[in-house]
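Here the structure of chain A is known, so what remains is to put chain B in place on it, guided by the hints.
Residue numbers (UniProt numbering), protein chains in the order written: chain A, 1 to 307; chain B, 1 to 307.
You may find that some hints are simply not true.
A short, non-exhaustive set of chain A residues, derived as facing chain B with CB atoms under 8 Å [to be verified]: (1) A38; (2) G41; (3) A217; (4) S290.
If you are wondering where the hints come from, they were derived from the structure by calculation, not from laboratory data. No experiment lies behind these values; they were computed from the predicted model shown. For glycine and all other residues, C-beta sits at the position ideal for the given N, C-alpha and C.
There are 2 protein chains.
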Amino acid sequence: MQLPQKVRIVDVGPRDGLQNEKQIVSTETKVELIARLADAGLTAIEATSFVSPKWVPQMGDNAEVMARIARRPGVAYPVLTPNLKGFEAALAAGAAEVAVFGAASESFSQKNINCSIAESLERFRPVAEAAHAAGVKVRGYVSCVAGCPYEGPVAPEKVADVAATLMDMGCYEVSLGDTIGSGNPANISRMLEAVIKRVPVERLAGHYHDTYGMAAANIYASLQMGVAVYDASVGGLGGCPYAAGASGNVATEDVVWLLNGLGIETGIDVERLVDIAAWISGVLGREPASRVARAVLAKRAKAACAG
Amino acid sequence: MQLPQKVRIVDVGPRDGLQNEKQIVSTETKVELIARLADAGLTAIEATSFVSPKWVPQMGDNAEVMARIARRPGVAYPVLTPNLKGFEAALAAGAAEVAVFGAASESFSQKNINCSIAESLERFRPVAEAAHAAGVKVRGYVSCVAGCPYEGPVAPEKVADVAATLMDMGCYEVSLGDTIGSGNPANISRMLEAVIKRVPVERLAGHYHDTYGMAAANIYASLQMGVAVYDASVGGLGGCPYAAGASGNVATEDVVWLLNGLGIETGIDVERLVDIAAWISGVLGREPASRVARAVLAKRAKAACAG
Chain A
1 MQLPQKVRIV
11 DVGPRDGLQN
21 EKQIVSTETK
31 VELIARLADA
41 GLTAIEATSF
51 VSPKWVPQMG
61 DNAEVMARIA
71 RRPGVAYPVL
81 TPNLKGFEAA
91 LAAGAAEVAV
101 FGAASESFSQ
111 KNINCSIAES
121 LERFRPVAEA
131 AHAAGVKVRG
141 YVSCVAGCPY
151 EGPVAPEKVA
161 DVAATLMDMG
171 CYEVSLGDTI
181 GSGNPANISR
191 MLEAVIKRVP
201 VERLAGHYHD
211 TYGMAAANIY
221 ASLQMGVAVY
231 DASVGGLGGC
241 PYAAGASGNV
251 ATEDVVWLLN
261 GLGIETGIDV
271 ERLVDIAAWI
281 SGVLGREPAS
291 RVARAVLAKR
301 AKAACAG
Chain B
1 MQLPQKVRIV
11 DVGPRDGLQN
21 EKQIVSTETK
31 VELIARLADA
41 GLTAIEATSF
51 VSPKWVPQMG
61 DNAEVMARIA
71 RRPGVAYPVL
81 TPNLKGFEAA
91 LAAGAAEVAV
101 FGAASESFSQ
111 KNINCSIAES
121 LERFRPVAEA
131 AHAAGVKVRG
141 YVSCVAGCPY
151 EGPVAPEKVA
161 DVAATLMDMG
171 CYEVSLGDTI
181 GSGNPANISR
191 MLEAVIKRVP
201 VERLAGHYHD
211 TYGMAAANIY
221 ASLQMGVAVY
231 DASVGGLGGC
241 PYAAGASGNV
251 ATEDVVWLLN
261 GLGIETGIDV
271 ERLVDIAAWI
281 SGVLGREPAS
291 RVARAVLAKR
301 AKAACAG
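Chain A extracted, bound-state conformation (with noise of 0.2 Å):
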């Protein structure tokens, strides 16, 4: 089994992360965050959301974050733009890149933006179109590519189906979401095929969340199918929206680390990233959620003591 030699991380911490947070977290803040993660060997970095802050008051300033993150040369800053009002602010906001979503569910996508599968996907298409026209890569999302809160199991090809859609306007890569972890290595395989019959490989993502601890093997089993891009959330940041207490995103460090142990490259240093889950769930009253934060980190304490 050949599994890829090197693989792109995606830190999803300063949107998707934060986002979910109850706290909002100060512009200067996230900004330190940005620059932590492209320093421990980021190249890629949600930075924040173009949405009504009236919606979402955790990204109210991503204008500023924006205009206060020193851009670094090789590194991405993707910003989440939902319709065109959204890109608009982005593009003026500077931004290279933007991602655009739809879920593989209906009901999902009833209760979370009102409207169909099929009408999320035509309210995106002028995103992409202005964003191409302005020479602004998209990246897109598909949620609940596992299963769906309201509705369960999501048959794979629905998830194919929106997948190819997203593609088809034209995003570069699309990310696959196991929005309510309710992902295994059977039924992502089975997910992962279905997509791969209709999108490159090269083009996927990766998406898990780890509520049930199982985002490692998740990985695991989709770098056995190729894929070798993955969404992670520096100390676990955001938590699971869907079950209050549990886990959400897959933390960066426990995703490196595992490719670390496969002796795959991804530039990160996992040390570093250490640091920064500390670093920021100490600004959020917490400990990091993470394994391999909490083991690094008990290790150095043991260390610090034996000293």
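Relative to chain A, chain B alone:
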């Protein structure tokens, strides 16, 4: 890729788990824990350890535990017996299965039990012989199968040597312990490849620690190699003796969740495991450590609020 259709889980929580908890749990609680695990469908529950109470005060009530558990047909209650004296006490207490252990790392063997690997194995030989004479089954443990806290990575051949020696002594099964959780799907697969050359895969069990969150991925990799027995600890009891605050034994509920997802039969009810994890964690004055218990309990709490 053909995964096993059925998997046997050995819950090591009442012994390996509680032995590594600072708090000493009452005999009554231990007996209840063992009964509840059998109720949930476990068919192998490591009940206690026959070691000196000076070394391991947590297991000082070993004979009482054995006297008080209601033994059910079809359920095995193995106990750890490090030497002949321990074996005799176990036999007197009515144990029908015992376990012996060897390390795959010389430094670990020296620091942990103050003798070489070869000496430790020779020490178990009379235990194995006495067990066979008494019609008592013997299970073998190998520790440090992926890495050692003192030496770092451990050679797969070293693990294979110790596993083969334990089989030669008459163990019916050898459990391969990733004592410090440094395993990942790559080094665990390499280790298994070496061991399977010397010991039939049907005689192997995986005993993986979740210190760095890799246990589910390691089990998935091991299932792909045909290993169909796994040790786990309900609620992740025990933690990591090498790093306070870090995770140790993989939680039984996380393993059963994974296996359910893969369509592999275990005969174990994951909801009841979550109940047990919540209860025993409460006895120890904390929240359950496992992702599955936390997510399931969070979902139940949400349903209760909505209801």
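The hints, checked one at a time:
no.	hint	verdict
1	A38	24 Å, violated
2	G41	19 Å, violated
3	A217	4 Å, holds
4	S290	7 Å, holds
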